[in-house]
Structures are given as structure tokens and as C-alpha cells.
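2 protein chains.
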Amino acid sequence: MKRIPVLTPAVLMSLLWLNSVSPVTAQGSQPAAARPEPIKPIPSELKLDAEKVALGKQLFHEPKLSRDNTVSCATCHDLHKGGTDRLIRSVGIGGAEGLVNAPTVFNSGFNFNQFWDGRAHTLTDQIDGPVQADAEMGATWEGIRAKLDRDPEYVAAFKKLYPDGIQPANIKDAIVQFEMSLSTPNSKFDKYLRGDQTALSSDEKEGYRKFKSYGCTSCHQGVGVGGNMFETFGAMADYFSARGNVTKADFGRFNVTGREEDRFVFKVPSLRNVALTPPYFHDGSAPRLKDAVAVMGTYQLGRKLLPEDIDQIVKFLNTLTGEYEKRPL
Amino acid sequence: MKRIPVLTPAVLMSLLWLNSVSPVTAQGSQPAAARPEPIKPIPSELKLDAEKVALGKQLFHEPKLSRDNTVSCATCHDLHKGGTDRLIRSVGIGGAEGLVNAPTVFNSGFNFNQFWDGRAHTLTDQIDGPVQADAEMGATWEGIRAKLDRDPEYVAAFKKLYPDGIQPANIKDAIVQFEMSLSTPNSKFDKYLRGDQTALSSDEKEGYRKFKSYGCTSCHQGVGVGGNMFETFGAMADYFSARGNVTKADFGRFNVTGREEDRFVFKVPSLRNVALTPPYFHDGSAPRLKDAVAVMGTYQLGRKLLPEDIDQIVKFLNTLTGEYEKRPL
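In the order they appear, the protein sequences are chains Y and V. Here the first sequence stands for residues 1 to 329, where the numbers follow this note's numbering. Here the second sequence stands for residues 1 to 329, where the numbers follow this note's numbering.
Same shape as in the complex, but just chain Y (with noise of 0.2 Å):
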């Protein structure tokens, strides 16, 4: 059965941005022939309601949010780290590890599906898992909601922008703006895409047309690199076998959809600022980015990547580190 699109904000991106941007072939000094690029620029401008992006801030990083107030969407998100907390599984309240690796919150909106296995379709679905389930912040939006209306700097902030003040959907608006906000422009291959030549090194050009022809872009493609479909992890060769110790977290899409197809089927991450999200994979079993890229070699590409090869992706891909508020990530 073919998948349904639905207008996600990452769809919306794509189909306001896709038709204004130029390939770089057209301003680049490259033949008017070559293919268009498969890897998109992220827009650098976003229109976005700056008061709610403020509002959803202050409440992504308030530990009002769980049950025990000690959690708050950045403890597993961290601005200052890439958007994630850089732990293999990330802890909630009950000190219990999380069963998968903290994807990172940065460019989130880009994607087509949230979580791994793409359980939540968009920002605002996503927000009910984390919030409310007992291993992470445990808590309900009522609790949420009466301890918001105790604060008269969240009643008049919400009351400012929202007809009904503090409500769950509104709670859930205003951080999915935040969220949204959360684009990671300028970066260096951004600027080589945008027709910059010199924005990239010889090797982390050459890095990224091994990126190109070894077949990493048939996933990670689009202004995300990735993000936007679903792919056998171990499509080449048998991860999990090599790995070991498989558990239900490695099942992947199949836990949503119970189709024996969908089994170790994940969300293809975006590998925008990859650079500052280690460790790597759902398992979070790659320490360092080289790891990460020769286990993609192996089992998605079924090659074994030479030491060289995996240098100068790692250095292209560090080159897909963008900025926040117009300063480096």
C-alpha cells in the first residue's frame, strides 16, 4: 500500500522551497548538464510567529513539564549539544535508560515522520510520547496545565497569543514553533549548494562525491539529508546478527505497523550538524562519526569503505553543521 502525503511542515517546506532555490548548477562552474543536486539548501529565513518561538522556548527548557519537575524537553534536547543529550539512551525521571538514542530536535520539521520508527507523523503528535510516558517525563497536561496557570508570566504570555490562554493544544503549539524555529541554515555545503566554490576543501568535495556515488543520497537526500523515508537498517548485510542482543527497540517501524516487512525498518536520521550528535544510530552504538559511516558502508551499502573514503565523508558531513540564531551550532 502506498503511503498517503500529508501536508507535514516538512512537506509544506519542501513545496515552498523546492521551486525558489536554484540548483548550484545553474550559477556554479560546473557543465549546465550535470544532474541536479540531490541534497537541497535549508531555507535561511522562516516565517514564524517570534513571540510564540520565544514562548515555546521558555517552556522546552521548563522542567514544569514533568511529573517531578526535575525533566524538561532539553534535558534530552540540548541546544549546546547538537539537540540531543550525547548519550547512548537517554534517562528520564524514573532513572530508567530510554530504549533508543535521542534523535536530535534540530531540523526536526523537516522531517516527514517523528521518533525512529516514525510513530508521531508531525511535531505536535510527537510532543504527547515524551511528556507523558512514565519513563521520561511522566506526566499528564492537566498537571502541566495547573502548574502553568500558577505562573502569571505564563498566563499573560498565553492569554497574549492564544484566545483560551493555557491550554494542552496551545501548550503544544507554542513549542512546536519553538521547534520549528530550530532550522540550521548557512552551513558550509550550504553555501557550496548555493554556488560558494570555495566553501568547501578539495577533500570535503571529493567526500562528498563519494557521498553521491557510493549511493548514500538514494537516503540521505533532500534539505535534510535524510528524514524523509523509512529504510532497512542492515539492507546490505545483517546488522543485528552481527551486532547481538536484538530487542523489541530493534524492530523498529514493525512495532508500529506489526508487517513482518517493517521489521528493523527505521526513519532514515538527517544527518544535518552530525558532526555534533554522537553516538550514532537508534542503538546509539557508534561512538564517533568514522564508526558511524563504516557500519553504513557495510551493511546499507555493502561495501567496505577504505580509510580514506571514510576521512573524507566524515569530512563533508562536517561540513553540514549549520547555525542557530545566525551563530554556529
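Please keep in mind that the hints were generated in silico from the structure rather than gathered at the bench. Check before you lean on any hint, since a few could be wrong.
[To be verified] Computed far set for chain Y versus chain V, every beta-carbon distance over 10 Å:
no., residue
1, Pro43
2, Ala50
3, Glu62
4, Gly94
5, Trp141
6, Arg288
7, Leu305
[Unchecked claim] Label pairs and their calculated CB-CB ranges:
no., chain 1, residue 1, chain 2, residue 2, range
8, Y, Pro152, V, Arg263, 51 to 61 Å
9, V, Gly302, Y, Pro307, 33 to 43 Å
10, Y, Glu142, V, Met229, 30 to 40 Å
11, Y, Pro287, V, Gly244, 16 to 26 Å
12, V, Asp149, Y, Arg35, 56 to 66 Å
13, V, Ala96, Y, His121, 30 to 40 Å
14, Y, Ser44, V, Arg263, 44 to 54 Å
15, Y, Gly143, V, Asp196, 36 to 46 Å
16, V, Pro152, Y, Leu48, 46 to 56 Å
17, V, Glu97, Y, Arg209, 30 to 40 Å
Since the structure is predicted, the reported quantities are computational estimates derived from the model, not experimental observations. In this text, a Cβ means the ideal position worked out from N, Cα and C, and glycines have one as well.
Here the structure of chain Y is known, so what remains is to put chain V in place on it, guided by the hints.
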């Protein structure tokens, strides 16, 4: 020059408790002539002002204590991660990595000094460091006061507990009251120390025996199983030459005193709840407890510990995990 003892919370605690706790030998099955145990149980009840503790807990988790409202004390001292962030080095508001591994906030009141290099005598003095450091929370006390002044809940809570309301000294006092509540009594090992011979397995007891006989208790003793002296990292062999990449942060106490004899000298860390706080050492270089024990054997004891020794000592160290708020940490 000899150090002059001061009445830190740790010293006060030991004065209060050393006399009231019976050594295990008075009740246990060992001969009466056995030496007193070098490790003492954590007192189960602390006399603290519950309202100040609650206010301090809120402040500890309050991102308004950082310049850009994105980092709280709990960011690097997460109660659900053993009072640490489980990273090699912490990350502050600038996204910059700190210079050393963040020590746990649990039982920090027992430490004779704060920070790896002991540059703060008291918890109260310690707070000024991370709150004001550019690479950590980057705030000013005046800025924090202004933000808290806009929140009537904070205004009322301070007014009730402190005659002069929201003042930097009172903010620090409440946080220290909370930190003093972060002791973790009733570990398996403390139950054993109090006379319950069944609290430890034979391997755990053997691990403790080796921990003492190999000399670990020369430094790791007292209520904190450490935290009450300085020692050279590399007392028996040159740790830093072996590790390489020596930086100023490795100079330890030398950075405080400027005395050559203090180069590579650090506060001996408490081993309470050590199983929960990887990675280990000021440089975060040991990812697992067994790695840390092996390094200690080589560089502090001058002996290569056998795998069985390490295994048993690790089992003993696991018994040092206590309770917080009556629940296992």
C-alpha cells in the same frame, strides 16, 4: 604547610556522626579485635529545612539561572543520572565543552572541598563558579535576581523563608540546603557496615576485602569513600605521560596554588554511587568502572590487578549505590 581544618558541612557531619555510629565489628561476627572499618555509613536522617530544600530543588532545575535560560544546574548534575551528565566533559551555554568531567552533586556536602581541584571550600562558594562561568551558565546574580523577581511564586517562597527576600545569598542558601539533602543513605554496603552480614554477597565482601588490603582505602575512606583529601593522579606511575595530550586542566590543584608539588594533584573523588556516574576521572577517560579500577591499580597502587580482583572490586563498588528520597538511586 599543614592545612587548617575548617567547619565545612563534611567536617560537621563527621563530628556529628562518627561517635554515634557503631562500627560493624561491635555487632558482626568478626573477632572483637578487628580494626574499625575505614568507611562509615551515610547518616539516614538529615536535619534540614524542608521548605528551603524544596525551593532549592526548584532553583537547581531552573534554567533562568543561566544567561540565556537554557541551562540549569541539573543540566550537568542530573538527579536521574547519578547527579552527573554522564558525558566526558559537560557542555554549557556556549556549546563549549568544559575542561573536566562534571562530578556528582550527590553527597557533595561530604566533600572537604568542591571541584576536582578543590578551589571552593564550601558548596556556597562552589555555586558562583558554574553560574557565572561563560562556558557554563554565563549569568550574573543580579540578572538572575531580576528574572526571579518577576515570578510571584519565587517572590512569595523567598519572602516566607528569608526576611530580605530574593537575594543572591538566599538563592545560594536554598540551593545549598537542597544539595545537603542529596545524601544517599541505605546502600547495601551501609547496611553491611551497620551489621547486616547478609547485605553483601561473598564476591562483594571479597571485593571490599581486596579494596582495603590493596590500599584503596588509603584515599577512599570515610563517609564519602573519598572526597576528603588531595592526591597525585599517578602516585606510582606516570599516568599523564601514558595518556598523552596533557592540558592545563590536568595540572589540577597546581592551578589553584601555583605550587609545583600540587601539579597533577586532585581531590580524591567520593565513590558513593560510583556505578551510576561513568565516565570516570577528571578527564572522563575511563568509560566503565572496570576500566577505572584497572587504572587505579596501575597508577595509584603500582600493581596490575587481576581480572578477578577487578571484577570483585567492581561488585563491591556497586554496593555503594544508595537511596534518594527513600528510593534506590
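We went through each hint and held it up to the structure:
no., hint, in the structure
1, Pro43, "holds (23 Å)"
2, Ala50, "holds (16 Å)"
3, Glu62, "violated (8 Å)"
4, Gly94, "violated (7 Å)"
5, Trp141, "holds (20 Å)"
6, Arg288, "holds (13 Å)"
7, Leu305, "holds (26 Å)"
8, Y:Pro152 x V:Arg263: 51 to 61 Å, "holds (53 Å)"
9, V:Gly302 x Y:Pro307: 33 to 43 Å, "holds (38 Å)"
10, Y:Glu142 x V:Met229: 30 to 40 Å, "violated (51 Å)"
11, Y:Pro287 x V:Gly244: 16 to 26 Å, "holds (19 Å)"
12, V:Asp149 x Y:Arg35: 56 to 66 Å, "holds (60 Å)"
13, V:Ala96 x Y:His121: 30 to 40 Å, "holds (36 Å)"
14, Y:Ser44 x V:Arg263: 44 to 54 Å, "holds (49 Å)"
15, Y:Gly143 x V:Asp196: 36 to 46 Å, "holds (39 Å)"
16, V:Pro152 x Y:Leu48: 46 to 56 Å, "violated (30 Å)"
17, V:Glu97 x Y:Arg209: 30 to 40 Å, "holds (32 Å)"
The structure does not agree with the numbered hints 3, 4, 10 and 16 stated previously, though it agrees with the rest.
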